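S.K.: Residue numbers (the working numbering), protein chains in the order written: chain E, 9 to 416; chain W, 9 to 416.
Hints are computed from structural coordinates only; laboratory data are not their basis.
Bear in mind that the values here come from a model prediction, so they are computed numbers and not experimental data.
Hints may contain errors.
Since the list gives no way to pick one copy over another, a pair counts as held whenever it fits inside one copy or between any two copies.
Below, in silico cross-link-like pairs of lysine-lysine (DSS-like), each with a Cα-Cα straight-line distance of 27 Å or less [claimed, not checked]: (1) Lys-388 x Lys-333; (2) Lys-363 x Lys-194; (3) Lys-161 x Lys-16; (4) Lys-283 x Lys-194; (5) Lys-355 x Lys-16; (6) Lys-156 x Lys-355; (7) Lys-394 x Lys-333; (8) Lys-75 x Lys-331; (9) Lys-355 x Lys-194; (10) Lys-355 x Lys-388; (11) Lys-331 x Lys-363; (12) Lys-363 x Lys-283; (13) Lys-388 x Lys-161; (14) Lys-283 x Lys-333; (15) Lys-355 x Lys-283; (16) Lys-331 x Lys-161.
There are 2 protein chains.
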Amino acid sequence: MKIEKEEKQLTVLVLGGDGYLGWPTAMHFAARGHAVAIADNLQKRRMEEEVGGEPLFLRPTLQRRVKLWNSLNAGHYIALPPGNVIDIAQNGPALIDFILRFEPDVIIHYAEQPSAPYSMWSRSRAVNTVVNNSAGTLNVLFAIRELKRQNGKDAHLIKLGTMGEYGTPNIDIEEGWLEVEHNGRKDRLPFPKLPGSFYHASKVADSAYIEFACRAWGIRATDLNQGVVYGIDTAETTLHTDLVTSFHYDAVFGTALNRFIAQAVVEVPLTVYGKGGQTRGYLNIRDTLQCVALAAQSPPNAGEFRVFNQFTEQFSVLDLAEKVKRVGNTLGLIVVIDHIQNPRVEKEAHYYNPKHTGLLSLGLQPHLLTDEVITEMIQKVITAQKAIDRDVIAPRILWRPVEEAPSI
Amino acid sequence: MKIEKEEKQLTVLVLGGDGYLGWPTAMHFAARGHAVAIADNLQKRRMEEEVGGEPLFLRPTLQRRVKLWNSLNAGHYIALPPGNVIDIAQNGPALIDFILRFEPDVIIHYAEQPSAPYSMWSRSRAVNTVVNNSAGTLNVLFAIRELKRQNGKDAHLIKLGTMGEYGTPNIDIEEGWLEVEHNGRKDRLPFPKLPGSFYHASKVADSAYIEFACRAWGIRATDLNQGVVYGIDTAETTLHTDLVTSFHYDAVFGTALNRFIAQAVVEVPLTVYGKGGQTRGYLNIRDTLQCVALAAQSPPNAGEFRVFNQFTEQFSVLDLAEKVKRVGNTLGLIVVIDHIQNPRVEKEAHYYNPKHTGLLSLGLQPHLLTDEVITEMIQKVITAQKAIDRDVIAPRILWRPVEEAPSI
Numbered sequence: 009m010k011i012e013k014e015e016k017q018l019t020v021l022v023l024g025g026d027g028y029l030g031w032p033t034a035m036h037f038a039a040r041g042h043a044v045a046i047a048d049n050l051q052k053r054r055m056e057e058e059v060g061g062e063p064l065f066l067r068p069t070l071q072r073r074v075k076l077w078n079s080l081n082a083g084h085y086i087a088l089p090p091g092n093v094i095d096i097a098q099n100g101p102a103l104i105d106f107i108l109r110f111e112p113d114v115i116i117h118y119a120e121q122p123s124a125p126y127s128m129w130s131r132s133r134a135v136n137t138v139v140n141n142s143a144g145t146l147n148v149l150f151a152i153r154e155l156k157r158q159n160g161k162d163a164h165l166i167k168l169g170t171m172g173e174y175g176t177p178n179i180d181i182e183e184g185w186l187e188v189e190h191n192g193r194k195d196r197l198p199f200p201k202l203p204g205s206f207y208h209a210s211k212v213a214d215s216a217y218i219e220f221a222c223r224a225w226g227i228r229a230t231d232l233n234q235g236v237v238y239g240i241d242t243a244e245t246t247l248h249t250d251l252v253t254s255f256h257y258d259a260v261f262g263t264a265l266n267r268f269i270a271q272a273v274v275e276v277p278l279t280v281y282g283k284g285g286q287t288r289g290y291l292n293i294r295d296t297l298q299c300v301a302l303a304a305q306s307p308p309n310a311g312e313f314r315v316f317n318q319f320t321e322q323f324s325v326l327d328l329a330e331k332v333k334r335v336g337n338t339l340g341l342i343v344v345i346d347h348i349q350n351p352r353v354e355k356e357a358h359y360y361n362p363k364h365t366g367l368l369s370l371g372l373q374p375h376l377l378t379d380e381v382i383t384e385m386i387q388k389v390i391t392a393q394k395a396i397d398r399d400v401i402a403p404r405i406l407w408r409p410v411e412e413a414p415s416i
Numbered sequence: 009m010k011i012e013k014e015e016k017q018l019t020v021l022v023l024g025g026d027g028y029l030g031w032p033t034a035m036h037f038a039a040r041g042h043a044v045a046i047a048d049n050l051q052k053r054r055m056e057e058e059v060g061g062e063p064l065f066l067r068p069t070l071q072r073r074v075k076l077w078n079s080l081n082a083g084h085y086i087a088l089p090p091g092n093v094i095d096i097a098q099n100g101p102a103l104i105d106f107i108l109r110f111e112p113d114v115i116i117h118y119a120e121q122p123s124a125p126y127s128m129w130s131r132s133r134a135v136n137t138v139v140n141n142s143a144g145t146l147n148v149l150f151a152i153r154e155l156k157r158q159n160g161k162d163a164h165l166i167k168l169g170t171m172g173e174y175g176t177p178n179i180d181i182e183e184g185w186l187e188v189e190h191n192g193r194k195d196r197l198p199f200p201k202l203p204g205s206f207y208h209a210s211k212v213a214d215s216a217y218i219e220f221a222c223r224a225w226g227i228r229a230t231d232l233n234q235g236v237v238y239g240i241d242t243a244e245t246t247l248h249t250d251l252v253t254s255f256h257y258d259a260v261f262g263t264a265l266n267r268f269i270a271q272a273v274v275e276v277p278l279t280v281y282g283k284g285g286q287t288r289g290y291l292n293i294r295d296t297l298q299c300v301a302l303a304a305q306s307p308p309n310a311g312e313f314r315v316f317n318q319f320t321e322q323f324s325v326l327d328l329a330e331k332v333k334r335v336g337n338t339l340g341l342i343v344v345i346d347h348i349q350n351p352r353v354e355k356e357a358h359y360y361n362p363k364h365t366g367l368l369s370l371g372l373q374p375h376l377l378t379d380e381v382i383t384e385m386i387q388k389v390i391t392a393q394k395a396i397d398r399d400v401i402a403p404r405i406l407w408r409p410v411e412e413a414p415s416i
């Protein structure tokens, strides 16, 4: 069992540990010798069925993957709660019971509906997104409070937010807080947000609930406003085929670069929304794990609502498509770029300068988006290319009704 | 039937029309000749039962009050939906159906759990507050979108927010938006918020959902960040005893001044939290109706998220208590002030300078808190003093566990 000696050994609860990021995160902590448990309601699997977009590399049940991990002697065991599943949003008491027994030092909260298009698909899905994400976050906050009251333990909440909470303001984006000077007076206040979907708005709401709980209850929390994550493998997923994480390439759950890679592999045009000038922060999935681990090792003070912008590089959507096209071409793929009407309501040309020094100062060593990284991703996706369903890649969910959609 | 000739005649839907503000608002619009309907889930009545705090002046069922109003020939009829009740939060389709048939010009959205202490009472009540308020607001937004798509009608959403969304920043509070200058660049962004409870945070979330819907869908909305409302009677409630609105004086649903009046009348000490330096904006219930009517007559443009700070004067809690004590004494009541430990987490000394010129510029003529107003309130409460339950006035819901409560 490989234990990083210089690290504080932690008890880590990963909420949403069945997902694209949650599962590799759980293994990452376990591999470094931390005691890990996973709670998940498996709701994402049901949503994938609705979308008709299964992950590219078929992933065993959570229970089977945990059992496999625990058989490999690759690190600390991963535990599941009694009954295997906890619905974080619907069953607060079960979450509280489990947290009181597991007594985590760190709770990493990925247990949210993560797709902007899903949240814009219909009224009921918008409501479900907001209810799931808000109720889940409140339940986690009350569980942390209960752990403090009953066991005297000050768990550190690490919550995954999104850079999409900020939108694209015409000023530099700071890390969660802004020193405001107004009419000759000053204060440090939450950075103003312009979320781009009900999903993003639900994350704005989460941040408000957590910031309040830090202020009122003295909870310690780190809000990681994450950019768009790309990548398939981490150090742990490569240990066994069945430890794979859920790689989505469809229009609902697939993120921009992952989707382009799949399109390049099956030689359908890369779907750039509008002119493709939308610039966002991006990071490799390996860096998501690194960032969360760094945050866990350096908790904020009690009562502190600490925010980091979690990305390593910024690209426009067109930049990304052109990178994939160029690398794809060198690999012999015929890759073309298609500019399609933007299904979202967002600016195609805008100022974008978000700060992201906090995690670097904690020691983040970025894995940048080199041609080698794109090559590796393409080669891995080629191994499963027969499974790619071309019909789920084109966006069908429009932010506005058809008759109102803006021209590109 | 009294019709204000200079007013545009509107079709007005009042959501939460059974409540303290919703019911007088519905009558106010009806009295001025507007076509009014009420939708309410009557959830507040169930919450009052939980708290054990019924309104001071017993109020008939919504159906009976509507029937009574409609028999008085005091204005336009008030309509109820088929089946009388719609759960705005739980039954989006019923809300949409009704809105498509009623085709309101204006939707006034009071249908929210309105108490900060209630939201801090327990985990499940925090979750219910947030789920009820968020799901209700999303359902209203989707209903407005559907009305636009199917009937081509651009309804104006008037949403009641709260000044408590802003908290007490060390800078002037603007009306919803802030011109930010940062690192040499400028933008107009949502004013940063520091909500003081999960209830207040749920209103921050609502504002984010509505602002997004305005930006993405071109909805027109007015967000009224209201101060603390006081008062019992409006022009319409005085037309008949049974048209009374629900006046709460308990620690959960009673607002500061209303609670002090009840305490003065039964000669129990006025419960000032801590030093009582907490300064907030206040307004008379008559001005709530006036503000909402002014906003309805001057809708924002399509796509505009317009915010007004809705209050007329600002007082510290101690100011208010001293006013009530002085006026109570002149009426022969023995009124004393008690400084009790603050159950909330809030600053007892702070800068407070919120702007509130928007509604004045639309024509608001404030009813200020004169000694005569306090006298009238005391005299009215005296008529029901035997019904006052002293046991529900003292605060029992603590923002922090007892052992952590800050000393005053």
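S.K.: Measure nothing new, just compare the shortest in-copy and cross-copy C-alpha distances for Lys-331 and Lys-161 to 27 Å and report within, between, both or neither.
M.R.: Result: close neither inside a copy nor across copies, 48 Å intra and 45 Å inter.
S.K.: Which holds for Lys-283 with Lys-194 at a C-alpha limit of 27 Å: within a copy, between copies, both or neither?
M.R.: between (39 Å within a copy, 25 Å between copies)
S.K.: Could you figure out if Lys-355 and Lys-194 sit no more than 27 Å apart (CA to CA) within one copy, between two copies, both or neither?
M.R.: For Lys-355 and Lys-194, the Cα distance is within 27 Å only across copies (17 Å; inside one copy 31 Å).
S.K.: My question is about Lys-363 and Lys-194: at a cut-off of 27 Å on alpha-carbon distance, are they close within one copy, between copies, both, or neither?
M.R.: Both. Shortest intra-copy (21 Å) and inter-copy (17 Å) distances satisfy the 27 Å Cα cut-off.
S.K.: For Lys-355 vs Lys-283, is the C-alpha pair at or below 27 Å within one copy, between two copies, both, or neither?
M.R.: So Lys-355 and Lys-283 pass the 27 Å test inside one copy only (10 Å; across, 49 Å).
S.K.: For Lys-388 vs Lys-333, is the C-alpha pair at or below 27 Å within one copy, between two copies, both, or neither?
M.R.: within (16 Å within a copy, 77 Å between copies)
S.K.: For Lys-355 and Lys-388, with the copy left unspecified, which applies at a CA distance of at most 27 Å: within, between, both, or neither?
M.R.: neither (33 Å within a copy, 56 Å between copies)
S.K.: With identical chains, the pair Lys-355 and Lys-16 could be close in the same copy or across copies; at 27 Å between alpha carbons, which is it: within, between, both, or neither?
M.R.: Intra 44 Å, inter 37 Å, cutoff 27 Å: neither.
S.K.: When no copy is named, should Lys-75 and Lys-331 be tagged within, between, both, or neither for a Cα gap of at most 27 Å?
M.R.: Neither: 39 Å inside a copy, 69 Å across copies.
S.K.: Checking Lys-331 and Lys-363: alpha-carbon separation at most 27 Å within a copy, between copies, both or neither?
M.R.: within (24 Å within a copy, 50 Å between copies)
S.K.: How would you label the pair Lys-363, Lys-283 (within, between, both, or neither) given a Cα cut-off of 27 Å?
M.R.: For Lys-363 and Lys-283, the Cα distance is within 27 Å only inside one copy (25 Å; across copies 41 Å).
S.K.: Please sort Lys-283 with Lys-333 into within, between, both or neither, judging by C-alpha distance up to 27 Å.
M.R.: within (16 Å within a copy, 67 Å between copies)
The structure is inconsistent with the numbered hints 5, 8, 10, 13 and 16, although it conforms to all the rest.
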